[in-house]
Amino acid sequence: MKRFEKDFSESTHQVSISILIGGAAGLGVGTLEKILSDAFKSSGYYVFCTKEFMSRVRGGSNTTLIRIANFALQAPCWEVDIAVALDALAVEHMKDRYTKSTLLFVDESFSEKDFSTISVAMKESAKKFGSARYVNTYMAGVLFGVFQLEKITLLRSIEKYFQDEEINKEVAELGYETGQKIENITLPKLPNIDIKEVQKLHLMDGTTACGFGFLAGGCNMITAYPMSPSTGVLNFMASMTKEFDISLEQSEDEIASLMMTLGGWYGGARAMTSTSGGGFALMGEALSLSGMTETPAVIYLAQRPGPATGLPTRSEQGDLNLALYSGHGPFPRVLLAPGSLEECINYGYLAFELADKYQIPVIVLSDQYLADTIMMIGDIDFSSYEQRRYTLKSAEDYERYADTANGISPRAIPGFGKGLICAVGDEHDERGQITEEYKMREQMVSKRRRKSDALLKEVIAPICKGDGEIAIIGWGSSRGVIAEALERLDDKRLSHVHFAWIHPLSFEQLRVLDKYKYKIVVENNADAAFADQLKLHDVDVNVKILQSNGFSFFADQLEGMIEESLKELS
Amino acid sequence: MKRFEKDFSESTHQVSISILIGGAAGLGVGTLEKILSDAFKSSGYYVFCTKEFMSRVRGGSNTTLIRIANFALQAPCWEVDIAVALDALAVEHMKDRYTKSTLLFVDESFSEKDFSTISVAMKESAKKFGSARYVNTYMAGVLFGVFQLEKITLLRSIEKYFQDEEINKEVAELGYETGQKIENITLPKLPNIDIKEVQKLHLMDGTTACGFGFLAGGCNMITAYPMSPSTGVLNFMASMTKEFDISLEQSEDEIASLMMTLGGWYGGARAMTSTSGGGFALMGEALSLSGMTETPAVIYLAQRPGPATGLPTRSEQGDLNLALYSGHGPFPRVLLAPGSLEECINYGYLAFELADKYQIPVIVLSDQYLADTIMMIGDIDFSSYEQRRYTLKSAEDYERYADTANGISPRAIPGFGKGLICAVGDEHDERGQITEEYKMREQMVSKRRRKSDALLKEVIAPICKGDGEIAIIGWGSSRGVIAEALERLDDKRLSHVHFAWIHPLSFEQLRVLDKYKYKIVVENNADAAFADQLKLHDVDVNVKILQSNGFSFFADQLEGMIEESLKELS
Amino acid sequence: MSHLFDRENVDVAWCPGCGNFGILKLIKEVLEELKVEKNNTVIVSGIGQAAKTPYYVDTNMFGVLHGRALPAATGIKMANPELMVIAEGGDGDMYGEGGNHFIHTIRRNVNIVHIVHNNMVYGLTKGQASPTSQKGFETKVQVNGVINEPFNPLAVALSLRAGFVSRVNIGNAEHAKGVLKAAFMHHGYALVDIFQPCVIFNKTNTYQWFKDNTYALDENHDSNDFNAALQKAFEVMPMPLGVLYQNKNSVVTFEEQIRKSDAKSLYFITHDVSRLQNLFDSY
Amino acid sequence: MSHLFDRENVDVAWCPGCGNFGILKLIKEVLEELKVEKNNTVIVSGIGQAAKTPYYVDTNMFGVLHGRALPAATGIKMANPELMVIAEGGDGDMYGEGGNHFIHTIRRNVNIVHIVHNNMVYGLTKGQASPTSQKGFETKVQVNGVINEPFNPLAVALSLRAGFVSRVNIGNAEHAKGVLKAAFMHHGYALVDIFQPCVIFNKTNTYQWFKDNTYALDENHDSNDFNAALQKAFEVMPMPLGVLYQNKNSVVTFEEQIRKSDAKSLYFITHDVSRLQNLFDSY
Ligand SMILES: Cc1ncc(C[n+]2csc(CCOP(=O)(O)OP(=O)(O)O)c2C)c(N)n1
Ligand SMILES: Cc1ncc(C[n+]2csc(CCOP(=O)(O)OP(=O)(O)O)c2C)c(N)n1
Ligand code: SF4
Ligand code: SF4
Ligand SMILES: [Mg+2]
Ligand SMILES: [Mg+2]
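Top to bottom, those sequences are chains B, Y, R and G.
Residue 565 in our numbering is what sits at position 565 of the first sequence, and the numbering runs on without skipping anything.
Residue 312 in our numbering is what sits at position 312 of the second sequence, and the numbering runs on without skipping anything.
Residue 176 in our numbering is what sits at position 176 of the third sequence, and the numbering runs on without skipping anything.
Residue 277 in our numbering is what sits at position 277 of the fourth sequence, and the numbering runs on without skipping anything.
Worth double-checking, as some hints may not be accurate.
Claimed, not checked - Okay, the calculated beta carbon distance ranges per label pair: (1) 463(B) with 540(Y): 24 to 32 Å; (2) 33(G) with 384(Y): 50 to 58 Å; (3) 410(B) with 124(Y): 19 to 27 Å; (4) 410(B) with 251(G): 55 to 63 Å.
What the hints contain is simulated information worked out from the structure, not anything from laboratory work.
We put the beta carbon where it would ideally sit given N, CA and C, even for glycine.
Work out the full structure: start from the sequences and follow the hints.
Next comes the structure, spelled out in structure tokens:
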């Protein structure tokens, strides 16, 4: 809270409050997140929510962080103003994130009194209504009461999300009254509100935004095997089968997922699969088939920490090298890593366009953090995304691998035209017969390489912000957190460089980075894979800020890390 | 022939002759290779044989190149002194490799007379003995006769390789007589011989040498799925189950191969699997499991051209990036790429030592060229390879992932000691229970990274030969061909740098390359993956000589390519 | 017989005498006799000798990876149910590497014809045991002979409630043709396991062996009777040939169920932008 | 009951009321009652809720990847046939992702106990259909309900000639214990498919449902009779519980056949250097 006012309010009168809610899986932390984010938004605040949770369905200790502010928020913070512990374990679990001024709401039965604890009768009150699981609604009420916000706003949000809304509303009202009455606590000052601006915005997580991007790209088929944190996209698309004509199947394994997707494109669909690192590691051979047969594919790869099963419900940007190099033999591919909801939509759309146009696999890199984080996004005009077709009706003498100047052979689909479509995973000649002729091999290697060259003209340059000589370089999901860390640092020397287009990189475009005297790369992984890519393109990195403990970066912590790393420069 | 004498004989009196034999699969080109290489060796010549063949069992057009010389040979050449066409297609297939002075042996029925063709009655003579398949023995006889070598030597070799040796000997004798009588041809001059030196040598292919290396390393279990060009090692180990106590199983797929291998190591074996690119691409997730659970693994990866099924029986060094980056999440691994028969044995042995000691996956990179090429090797003293054990008898309080200074936790196996062995693919604590504690995660990430650091002290530096300021850098199987190309060029400015230890590279060791003013990398692939690794270690490459047409490099062609590339320097 | 489905100018890569020639001929004849439209037909194959077949048949083809023909075929049917799709490959391809897809494709009842060339050996990789190799079969890898129970594709297919389960011997081409035709006409997944001698690497299971160890089912066998089929599936030496089982009740297929619309190709399906806009705006 | 196989100081990650608790208890009791030696026992598991079991049993364990417990278990037996090896996981783990290994492990007759927690749902990933989900089962992915034929593990195992095929319901723990014990005592591969209610994501196949839809086989069933077992395997509503089939003829196991020597651990096997030298020198 202190740190916070110092950093923002003085200069810009920006104020934010962070609320961390902890409890066992199954206690309704997720529901609380939904109600509160909706109610805060309706009250006119900018809202940002992110969660961290264990790989289990009940028990353990999970949290959700809700930040509200009078300015657009795009990052989590580690230290919190308010903490709500729905059970005893949560008090302990959240401990590292308390500051001296953190207000900790606990049940009256908890003995821990180290912090500025505020005891409320959450369990008791919930039980009064017949079930322990009303704790979450009760606490929603308490918080709203404490903030002295309009009760009716909260009740409306409850109506939206509960089937048994009446009783939940009663519980919330009781909480609200209790909250209003709490005394003798120094509450973080609520920011001013801007109802009009905020109400224009849409609240959704990265998963949903990616899903809309894929739909905008005309995705009409998805085949996938469940795997956290990618399953959200599969769920989203499944729900969309009720709205649109989409072929969907849960595959028996990830190899089948990608093979079905390839079959789909071959047959005329705009198909995709979704997975995470371990599942993607199984897709390598099929990815290579996409490259060789020049069959498009879109793969949504939501990263989580490895190796192996690692930390299945946590976050890391750890699969970049795998995405870059998986599959045997060289072939063109594109890697896109959106870092905001807008980018999720734009790059989700672009993935289908590029896959179709260049007949290549396109990998969209997300991660648990981006997938599960709820942010705000302005209006999007979907009529501006055209769902194109790059295929043609085949003529009788159609040759699938006709050699062309840019290496792209016109693609046709079976049953549409008079020609026959022969797509082949062995080395082949132009019509798609197997060949072992070394000159034909050279011709086809060159054809595929020319597609890589052609792709370079599509590359989207990184976004560079600020005029400082020190570039803080990030990619993908870290966009927002780096932005806030830099705002907090408010140091004229620092510029922000954000990459959403990850591969291929354009050597020429990267020369824009030569103007920075120092380069600091921020990656949520242990292998600094992106820094390696920069180095291969003659961009030398001075400092690498890496983290691979299962958390995404936090703006306040990153602020400190960058400060620390500046000392290494000289 | 001309070119050849110019290059070698003048200065060193080195003479070699290259014989290319072509014919359909099933015609016995392979048998001819066996008999002739054996007979030439017995006659006192250094021998080198390499083949290129199609992905089919009968028909098509394959060749084998047999080079004989009075000095140790270690590379193929493109242009040939003698060509033997066992069928009409072969005349065409070998065409690109004829020079003006090439002597082409064809059947009397062939009409093609463009070159210095020598017609012999191969079909007719074979038929005389009752079967067309005697053509190969007949031609062995002809060649021996043409060279005026001792007939008895050839007959002894025939005895070794044929069941129906008597009739084959008769056929050979007929051929021999015919050969002796051929007149009016300018034969390449046979080199002088050195029977004593040559007879000390052993003739074998890279597959066999690798196999002996693995056995020297104590390999007592192999689980694999057939895939060219790796199957040879599986066959070799299968034949060795008759000699040694080895557990062997053909798996249902490559995922099972590596998983069984991991099970084997967990259970106490020294286990390995063999595969090629496509199969390896399927093993990524299991590789990552090896990294996370710290279960050793040895993987023999015989490369062939991709993407996808590509050219299944041909050669390429195309899987380096995949071997480096496959599997999700970072973990230490070692890549070894032998480039001679001695290196096959040494690195095959080392693979097991390192896997066991560091509890990591070790990948031995071969390729179709190395696997199928027959070369000569001197005596090896197998008593110098100790089959060690790095495991201990567990105490009651044994913890599988005990944190240690160098990151290596003492490994124990079940049933051997009082402790329990809990190996886990999720992130874990020291005893092997699943954890999501971020501090424990950081500790384990650091433990695994320290193993990577520790590995650096094992790194074997590249072999640098020559004092020239231009380094010709190669890795793996290209060792011999680069060496001969440099000998042919005989240019004092050129040095040869050969890497057999591929990963991890030691930054310090690589500083030895800083002394070269120019660096030319030679890779049998299209993506210059090794040049990238050099760049990541601050070794900048001036020119890349790449080839990915399905053939390995040929010494004479490479000579020209290097000459060409020298023009690019300045 | 015309040569409607001959592909021009191809170099057939099989060994003289191989059973695959017979299968190739069989398929081309059946396609022609059933008046199948080339352009609406796709043969998907894996990798192996058997999997080379579609390179010699003049239809659309998708030559994928060893073991992976079935999911690719499924994907094609998901994209365009109107296409006639055949998945083809060897015993190693389909029952070894591709075993998991075999199981789950049957469970889905994808409307494809599944042709497996069963030579009880890995041909293209030069003679290792395949899942269907008989016990005792010696190879360079199985130096003491095969020890594992041979995979019984018919029994497994039945245990998964496949709607059409058949086996033929290419040595008996006329009989095989009738069965293959029935498979093409079946509505839903249809398995045709074809005994195919590999004259090079399988010196045990020869034309003669297959002849001696098989017999054709006759009208006494009721292919509508699941239990009878099950009994037949376990019969060995001799092994029954023919349609062991066909579920003649019209069972709904996979692709009939997963789509909102009817069988229209997804090529023609773009999403209504205003609906998309509304959905987004509701957040 | 003592707590010999309790693992100390563990946080069990299952939901209250989950059928997995019963299975955990069952396994610990059986291990204890059969006087199994901890140190010579390894539980290999994949990934999923079921696959967490070995973390709570005080034996050796190898926690591998989703779907991959069986080949790892096979590898362990190849390395050391003297170890008692259990492969454990969920229905998705073993019949979905791991389906190919399921088939081929049975064919090998590896001497392991194969325990599958069959809750007819993907638990850990929050409730998608599994291969054994019943038709019509609605989830967030199967929004219109499952359409595919449920995977019948018992029928498939029998079609592959598994030597021990059984199913139990953890709601009937006493009965389950007898069957599990028999599985441990069987010489060769033994499948125990355990019905296990997932109280969170499967509101259809509850304790009550399993009770209502199963019955225990009695002495009228001859588990030595393969055909009888086959009939039983296809019986539904109610589904039979117990040992459907056990091949009591002593069938030789995989690991008994592949090794030159007897069952000695490979840990103790190094190669004779002079023999190696001779072999090399013969080239
Ligand atoms: C992933 C992968 N593993 C292995 C191979 C090598 N391979 C090619 S064909 C084949 C087996 C061929 O046997 P089968 O499928 O029975 O076909 P056949 O040649 O007998 O017709 C194998 C193992 C491969 N191409 N890809
Ligand atoms: C390769 C891979 N794909 C997907 C996953 C995600 N995943 C974890 S558990 C699971 C399924 C769990 O279902 P089941 O095996 O039936 O076990 P249960 O949780 O129901 O006991 C899945 C799909 C994974 N870990 N690895
Ligand atoms: S190897 Fe066997 S299966 Fe392959 S083409 Fe030759 S005979 Fe046929
Ligand atoms: S989700 Fe289901 S299977 Fe998993 S622990 Fe909970 S009740 Fe058990
Ligand atoms: Mg076969
Ligand atoms: Mg389950």
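Do the beta carbons of residue 463(B) and residue 540(Y) sit within 24 to 32 Å of each other?
-> Between residue 463(B) and residue 540(Y), where Cβ atoms are some 30 Å apart, the hint holds.
Can you let me know if the beta-carbon spacing of residue 410(B) and residue 124(Y) is within 19 to 27 Å?
-> Violated: the Cβ-Cβ distance is about 52 Å, outside 19 to 27 Å.
Outcome for the supplied range 55 to 63 Å, where the beta carbon pair is residue 410(B) and residue 251(G) = holds (59 Å)
Are residue 33(G) and residue 384(Y) spaced within 50 to 58 Å by their CB atoms?
-> holds (52 Å)
Consistency with the previously given hints fails for number 3 only.
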